Each structure stands twice: as C-alpha cells, then as structure tokens.
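There are 4 protein chains.
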Amino acid sequence: MESKLSPAASGWRQRAYSVIFEADTPEGRLFDIALLWAIVLSVLAVMLESVREINAVYGYYLRIVEWGFTALFLLEYLARLVVVRRPLTYAFSLLGIIDFLSVVPTLISLAIAGNQYLLVIRTLRLLRVFRIFKLGQFVGEGEFIVTALKASRYKIMVFLTAVLTLVIIIGTLMYVIEGGQNGFTSIPKSIYWAIVTLTTVGYGDISPTTVLGQTLASVLMILGYAIIAVPTGIVSAQMATPRSGSPAYKQVICHECQATDHKPEAEYCWRCGEKL
Amino acid sequence: MESKLSPAASGWRQRAYSVIFEADTPEGRLFDIALLWAIVLSVLAVMLESVREINAVYGYYLRIVEWGFTALFLLEYLARLVVVRRPLTYAFSLLGIIDFLSVVPTLISLAIAGNQYLLVIRTLRLLRVFRIFKLGQFVGEGEFIVTALKASRYKIMVFLTAVLTLVIIIGTLMYVIEGGQNGFTSIPKSIYWAIVTLTTVGYGDISPTTVLGQTLASVLMILGYAIIAVPTGIVSAQMATPRSGSPAYKQVICHECQATDHKPEAEYCWRCGEKL
Amino acid sequence: MESKLSPAASGWRQRAYSVIFEADTPEGRLFDIALLWAIVLSVLAVMLESVREINAVYGYYLRIVEWGFTALFLLEYLARLVVVRRPLTYAFSLLGIIDFLSVVPTLISLAIAGNQYLLVIRTLRLLRVFRIFKLGQFVGEGEFIVTALKASRYKIMVFLTAVLTLVIIIGTLMYVIEGGQNGFTSIPKSIYWAIVTLTTVGYGDISPTTVLGQTLASVLMILGYAIIAVPTGIVSAQMATPRSGSPAYKQVICHECQATDHKPEAEYCWRCGEKL
Amino acid sequence: MESKLSPAASGWRQRAYSVIFEADTPEGRLFDIALLWAIVLSVLAVMLESVREINAVYGYYLRIVEWGFTALFLLEYLARLVVVRRPLTYAFSLLGIIDFLSVVPTLISLAIAGNQYLLVIRTLRLLRVFRIFKLGQFVGEGEFIVTALKASRYKIMVFLTAVLTLVIIIGTLMYVIEGGQNGFTSIPKSIYWAIVTLTTVGYGDISPTTVLGQTLASVLMILGYAIIAVPTGIVSAQMATPRSGSPAYKQVICHECQATDHKPEAEYCWRCGEKL
Chain A
186 MESKLSPAAS GWRQRAYSVI FEADTPEGRL FDIALLWAIV LSVLAVMLES VREINAVYGY
246 YLRIVEWGFT ALFLLEYLAR LVVVRRPLTY AFSLLGIIDF LSVVPTLISL AIAGNQYLLV
306 IRTLRLLRVF RIFKLGQFVG EGEFIVTALK ASRYKIMVFL TAVLTLVIII GTLMYVIEGG
366 QNGFTSIPKS IYWAIVTLTT VGYGDISPTT VLGQTLASVL MILGYAIIAV PTGIVSAQMA
426 TPRSGSPAYK QVICHECQAT DHKPEAEYCW RCGEKL
Chain B
186 MESKLSPAAS GWRQRAYSVI FEADTPEGRL FDIALLWAIV LSVLAVMLES VREINAVYGY
246 YLRIVEWGFT ALFLLEYLAR LVVVRRPLTY AFSLLGIIDF LSVVPTLISL AIAGNQYLLV
306 IRTLRLLRVF RIFKLGQFVG EGEFIVTALK ASRYKIMVFL TAVLTLVIII GTLMYVIEGG
366 QNGFTSIPKS IYWAIVTLTT VGYGDISPTT VLGQTLASVL MILGYAIIAV PTGIVSAQMA
426 TPRSGSPAYK QVICHECQAT DHKPEAEYCW RCGEKL
Chain C
186 MESKLSPAAS GWRQRAYSVI FEADTPEGRL FDIALLWAIV LSVLAVMLES VREINAVYGY
246 YLRIVEWGFT ALFLLEYLAR LVVVRRPLTY AFSLLGIIDF LSVVPTLISL AIAGNQYLLV
306 IRTLRLLRVF RIFKLGQFVG EGEFIVTALK ASRYKIMVFL TAVLTLVIII GTLMYVIEGG
366 QNGFTSIPKS IYWAIVTLTT VGYGDISPTT VLGQTLASVL MILGYAIIAV PTGIVSAQMA
426 TPRSGSPAYK QVICHECQAT DHKPEAEYCW RCGEKL
Chain D
186 MESKLSPAAS GWRQRAYSVI FEADTPEGRL FDIALLWAIV LSVLAVMLES VREINAVYGY
246 YLRIVEWGFT ALFLLEYLAR LVVVRRPLTY AFSLLGIIDF LSVVPTLISL AIAGNQYLLV
306 IRTLRLLRVF RIFKLGQFVG EGEFIVTALK ASRYKIMVFL TAVLTLVIII GTLMYVIEGG
366 QNGFTSIPKS IYWAIVTLTT VGYGDISPTT VLGQTLASVL MILGYAIIAV PTGIVSAQMA
426 TPRSGSPAYK QVICHECQAT DHKPEAEYCW RCGEKL
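Residue numbers (the numbering used here), protein chains in the order written: chain A, 186 to 461; chain B, 186 to 461; chain C, 186 to 461; chain D, 186 to 461.
Isolated chain A (complex conformation) (with noise of 0.2 Å):
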C-alpha cells in the first residue's frame, strides 16, 4: 500500500523489508521457515555439545556448525539493521534485542572462554521461534491463549498469592513437626518440600516420616489435587467466553519498530507514532 509507506522505503528495500519482516508473501514465508531451522538446528548443536561422549568425538564439526550459525544469524542482524526505517527503535525493541543476543554469546566467547553462562544465552535464540506465529493459520491462535491469559492475570495473580502463603505457613510447620534429622533442615528447604507436594511434582528426595507430618502432608495433597481446579477454572472460563474485539486487526505491524497490538481504528503506531 502507497500510504503506508514514505517515498524512501520504495524499491529493494520495501522487497526485503516484506521477505525479512513479514510472512504474506511466498519468500516471507520461505524466509521464516528456513530461520527457524536454522535456530532449531543451532540450539541442538549447542545441546549435544554438552554431552561429553558427542563432544569427544564431534565436538571440532560441532563448534564450526556453531560459527556457521553465528554467521547467518549475525548476517540476518544486519540486514534486519538495514532494512528497517528506524533501526534504533527495532535494536531495543524485545524482539530486536533477543536477536542480537543470538549473535553476540559466540563471539564473546573467543574473548572470554569458558563463561558456563554464554550457554543459556545462547539457547535465548529459541525464543525467535515465537516468530513463526506470524505465519498464517498460528497468529489468531497465539492471541487467543495471550489474550485469555491476559484478562485471567488478576484472577491468577490472586491465586498464586494464595498458594505461596499456604506453601510458606505448612513449610514452617512440617520443618517444626519433622525437624532437621528427616531432611527437613531449614524453613526454605520446608517450603521447598511443600511446594514439590502441592504441585503434585512429588519427587521423594525428602518426605515425612512422622505420623503427624504424614497426615499434614496427605491434607495438602488432597487440597493441591482440589485446588489445579482453580487456575484451570479460570482460564478455562476465560476462554469458553466470546472474543470482544476481531483478531483480525492484531495482524497489523509497524514497519518502524515492529510494535504489534494497534486498535482496530488506530492510524498511527502507539509506540513510535509512525503511520500505521
């Protein structure tokens, strides 16, 4: 569309930003697919680096494969530099910056070998996959999840409140009853306990052995087994209810700085104040 568009952004750049950025035309969708290939096939490289087995035997193919990643990635960075109207505004963007940080650990790391940290940095890439719910049939569905789990977040937030304060109370009480020589050494490993049980995670590294930690530990298991009906409840509600606004309008992006979620009557973007 002419008006969405300043006469500057016309030619190659306008081409690249849709293949780029967008997912409507046949090379966006390309272009989308073969990156989330490519970030699911450089986190798998990362994950099977760790094993040390593999990493005797393939770890020299593993860490080109990394560097080989590295590089697309950092060549997408620019481009995306490149091609976006104002590349500062999508830089510290959340998306903007999730993509650099999927360029910059492997780089670091020449300078700063070792850092453990670097890894799970590394694996942050994963959240570009987000992206693909641009593609056609996923944008509708996404929102709704985020949507009902928006208008649920009070309600949620309410209930988790309820769950920490049981989970501390009985976490103080069972490290009186069962004491320090059952596992039970202090009020935080309790809890710890406490919240293993009540999520019904129950993974019996510490558990009561006492008659009267047994019966208070049988009582918070039953109210964790009654009170999953709440958050379901909840959401469940949330979502059986109908949709107020259409989803169709959330398609629309800025093309400045990528800010999503415009009103359905907005002309202007709320975050750069560019032209929709």
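Derived from the structure by calculation, the hints contain no laboratory data.
Mixed in with the good hints, there may be bad ones.
Pairs involving identical chains hold if they fit within one copy or between any two copies, as the list cannot separate such chains.
Pairs of lysine to any residue, SDA-like flavour, derived with a Cα cap of 20 Å [unchecked claim]:
1. 335 / 325
2. 335 / 279
3. 335 / 204
The model shown is predicted, which means the values in this text are computed figures rather than measured ones.
For this one, chain A is given, so just place chains B, C and D on it according to the hints.
Chains B, C and D only, in chain A's frame:
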C-alpha cells in the same frame, strides 16, 4: 461523606482511619504497600534464621530486624485499635486476631525461649497479605474466586467424601495385599500411600512390589488421573456461569467492624448495625 | 401421604420407617447423623488396630469397641428388615448388601480367626456414608456429579481405551528399548511404568536410563500432561450445560425396594412395580 | 438397500460384507465383539510371554495360542480382502495396514527368530480395538473427542512450542547451575529433568541440591502446576461450544473404501466416488 460518620469521628481520627483501613486515597494505598513489604521482609527474616549457616553468621542482625518489625507491627496494631470506633469488635474479628498474632509471638519468646511453634505463628502474619486484595483491581477478582468456591462447596464436599472413602478402602486392600515387609506396615500408612498415589504426587518412599499390588496401584492411578476432572469441571462450570450481582458494591467496608459483603441496597452494616 | 401407603404400614412401623430410611424429619436426620458417626468411629477403630504399637497397648479396648459397633449395626440391620415392607427386595438391593456386610465380618472372625480380607470388608461399611447424601443440601449436588459422569460415560470409555492402548504400546516399546537390567523386566511391568508416568504419578522405582528411553519417556510425559485436558474438558463441558430435568423429583424413593431415579411422571416403581 | 449396491455385490458377498465390516446387524455386532476379545486375548498372550516365570512354565502353550490367533487374524484379513470390492484401496488404507501388521510379525518370526521389535508390532494390533467405536453408542462420542482435539490443534501446537522452549531454556540454566556432579550431566539430561518436573511427574532420579537450583525448580513446578490450565481450558472451551453438524450422519461408511465423514447430503463417497 458526612452521613457515613458520627460527629465524634471527624478530624485526624477520620483521616488516620482512611489511611490505615482503606485503600482509595494515595496515602491509604502507600500505607498498604509499605505494610505488605514489612510483612514479606519479616517473614523472610524468620525463614533465613532457620538456615543454620546463615544463622551462624547473620543471626544477630536477623534478630534485630525481627525486633524492629515486631515494634512496627505493635505500633500499627495499637494505631488500629485507637482509630477504629469499636476496638473490641475489631479485636475479635478474624483480621483483628491475625493482626494481634503477628505481634505477640516475638514478645512471648522473651519469656519462653525456644518454643518452636512460635515460628509457625510468626508466619501466620502472611495471612495479612490478603488485606492487599482491597487494592483496586484485585477486589473483584478475589471475590470472584471465593464466590465460585463457595457456590461449589457442597459439590466439593461430596467429591472429597468419595475420594476419602476410595482411599480408605484401597489403602486397606493394599495393606492386606502387600503387607508390612513392603512398607505397608499399617492401614493408616497404606492410606497415606493411597493418597500419595491418587493425587499423582508419587513420592516413591512406599511403592507396591507384588503383581497384584501393582495392578491395583495402576487402577488407582488411572482413577486419580480421570477423577481430577470432577473438581475441575465443578469449578469451571461455576466460573463460566454469569455472576448474579454486580461486583462493584462489594467494596463497601463497614467503618465500625470491617464487615464486607453488604447487599447493594443496604444502608446499615449487617454485622454491627452502623450506618454505612 | 395416604395413597403412598398400604393400610398395614400405618402406626409405629410407618414412623420407624421414616426415622430409619428417610431424612426429612428431625428424628430421621438425627438417626442418620448418629449412624454416620458410628460408621466413622468403627472404621477408625479398624485402622488403629492395624498399627502395631497401638494394638499392643489398646488392642483389648479396640476389640471391645469393634464388638459394640457390630452389635449396634446388627440391631440397625434387623430394624431395617422389620420396618421395610419387602425385606427380601431390600436385602438384595445394593444398599441392603452393604448394610449386611458391615455386620457379618466381625461375626465370622469368631469362627475363622486371622483372615485378613475381612479387614477390607469391614471398611466397606464406609460406603454407607453415601446414605448421608440423602441429607438436605447434598441431594442435588451428589445427583449433579453422578448425572454429569453418567452422561459422559461413553466419552470417558473411549478416552480410557485410548489411554490403555497407548500405555500398552509404549510399555512394550520401553521393554524392548530398556530391557531387564534397567528394571523393565517384563511387558506388564513396563506397562505399569507407563501408567505411573502417563498419569504423572512418577514413583521413580523404575525410571529409564538410556537416551532413547528417556526421550520416549519425555514424549509420554508431555502427552500425559496434555491429554489430561480431555477428561477434564469432557466433564467441564457436561457440567456447564444446563440440566435437562428438575433435580427435585429424584428424591422420591420407593418405600418397598429403595429404588430411586424414577421419572417425574412415574406412578409406579420401575423396579418392583409398587405404587410410589 | 438395493440402490446402494452394484449388481455384482449381491448375494453372500453382500451379507459377508455387512457381517465383517459393519455393526448394525446382530451378526455384525457379534463378529466385532468376538474380534475384540481375540485381539485382547492375543495381546495378553504377548504380555504374559514376556514374564520370565510364566514363560518358563506356560511358554509352550502361549506360543500355541499365539499361532492360533495369528491363523485367525490371517483368515479374517483374507476374508476382508475377498469381501471388499476394491481390495487394493482397502489394503493401503490405515485400517488395512494395521489389519495386515497384526498378521505378519508372527509369520516373520519363523524366519528371523528373536527380533524384539516384532513384539511391538504385535501389540500394534491393539489399534484395531478402535474399530469397535463403530458400535452403536460410541460413534458420536469418539467423533466428538477427535473433532474437539482437531479444532484446537493449532492452539495446542502453540502451547507445546511454548512448553518446549521453556523446558529447553530452564534445562540449560539448571545444567549451568547444578552441574554434572548432581546428576545434571548434559543439557539433554537437564531438559529431561525439566520435562519430568514441569509435567509434575517427578521421578526423583535427578533432583536439584543447590539452593539456587531448588529455587528455580520451585518456580518451574508452580509454572507447570498453573499452565496445565492452558490445554485444559482450550479443550474445555472447545467441547463446550455446540457441535455444528448432527452426529448421526457420520455412521455412513463407504462400502468400497471404508471412508467415513461424509456430508449428510452426500450421495457419493468423497474418496472413491462410489455411490453411498
């Protein structure tokens, strides 16, 4: 509003009341948030004191912090008593007792040192956190959950009776099948195991080893997996039904006795008869 | 109502009937509550007797209590037989058999001492607790749950068939993958493991150790986590739909054979043909 | 009905077809139920054969039973091929392949003895159990579940992507925090742990021991406990919406290629074009 107050409660007392007990003025909200932080930090101090390594090093400072918070809560409790028009009604209300309990244990521990159960009472002050649900957006949400749970309380009691009956019968069966040498040393212990299994917690401290026992356990697990649908269904259905009354009127809190839940058309408090 | 009763059943028998079998008079309600306590206390005695330490000290008194309750239940059973107009129909109804079973085991244990399975039959008397759901507010609620479960029974059967098929196929796969040395010693045991995992119980007595096994286990866990949505969805949807019939008519219980669930327009009992 | 059949398919073949493939005549229903039992018993034989103690004593008889059932299934498979008008279309349909697989492995095991994976293929014949859902009351119910799951498949995929991303990022974090000496020996293993925890299975074979690890684990557990509300909400909301079409028409199965799901007004099969 003039009509809501007797002539005596004017001036500073009226202002203090609205700061301490209400949350619709900026000062009132600030007071509540400060109180929330004081509660959370004081409970954190109790928790950290129980960790031996931390207690050995910082125990002295933690006890000072504890005394500081106790002094603070004592002041706050006295302020509440002074400001409320009917101190006795407040003192024997649920919230009043909790406010009282958050002050006393530390004072008592001067006299009787080493009573472990005082620890539990100290964490009970966490219950005061629920005062924050007076704050703006939470009022309706907390009410919503409580209302839905109240409306389904008979259904949940029927469900719990069925679960308890099932757990007792299957626990007894397992006691007979597995016997003491496999950890099922008594019927209460077998019932404890049945609860651990039905609620899908599954510690693994006791687990069946005979073929018949494992078969019965499998049946119990699938039952537990399937019947969790019942409380969830009850609460979901309850929450999906439209609310009968407007949630707005629930925010009216009696200035005398802190009672809530007044009918929208009510002019007088249902508990103490004071004009709202 | 005159029309509901044959001339013979008038006088004391009629009054005794309403006390013992019904719950809408004050005496009837009192009788039911007393019975409820007797059941709970007698089952508690059975449970405590199984704890070695308690049995060693209080065993003698517990056995006296047991005999007392058995005498009570025997009297009550005879009273029911005398008061009901068709004793045989009652005696062979489900509730009649349970009433009978709550009396017999203790008597038999005179003859055959030490039969452990009598313990289980003794706890079966807990099923009589469901009589209390005749009491006021519970009638509709219990009916509601049972009706919702009945209405979704075919859906739940389809779901359970799918779960069982899944569990058998994955159990066999794990038996082949992990083999006997990792605890998967036979297909039934592997199926037991699959059930423990799918239902998210997770004892940890058997757990996969090979990479392939852990991968398959991960898939099974996520499946188990996701498909719990199916029974929950079924029951929630069922409970959210408005009830077709008025629950009120369900309270009509045949005076002859204790059958319930008569159609609202029914004039005769569907089981024994007696006029309602 | 005369109009549904070409002249060639009359007489015995038509009758045999309705017995073997359909379930609306008494003979057809009997055939399906007999087949169901044969499947269940044959899988039971496979399972029992894997138990060493049973195999040592009854192995010989179990193998005879196995051969008997294989002969039966072979006969049945040939009968299906003969009776269906387009054998090739049937042979390459999903149900046709499963029918084929239930016969072949036992025959192959003559040639290649000891191939463990044939065991798994043998249990695949359990999938044939789903044929019984043709039986009367089940048709609509099975369809209902499948339809609801199909309608929510994109939402469930979005949810699973979010879960997998979360599990990979937290797994990597735990690998860095806990390290190899606490059982978190590689990123894939840490991800396995994260799945075990998030799904609330909680084996306890690997569990965090550092304070930071236990804190992160607590967050993951509460997340897992809360986000189970999402798939449940999706499916509940889906099932609560009224079904678009009448379920009745779905029972029409094409006589040629076994296709179902024809539109109510359809006169010809959508797959093979044969007149219905």
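Status of each hint after checking the structure:
In this assembly of identical chains, the alpha carbons of residue 335 and residue 325 lie at most 20 Å apart whether taken from the same copy (15 Å) or from different copies (16 Å). Only within a single protomer do residue 335 and residue 279 lie at most 20 Å apart by alpha-carbon distance; the minimum there is 18 Å, versus 33 Å between protomers. When the C-alpha separation of residue 335 and residue 204 is checked against a cutoff of 20 Å, the pair qualifies neither within a copy, at 31 Å, nor between copies, at 31 Å.
Taken one by one, the earlier hints fail for this structure only at number 3.
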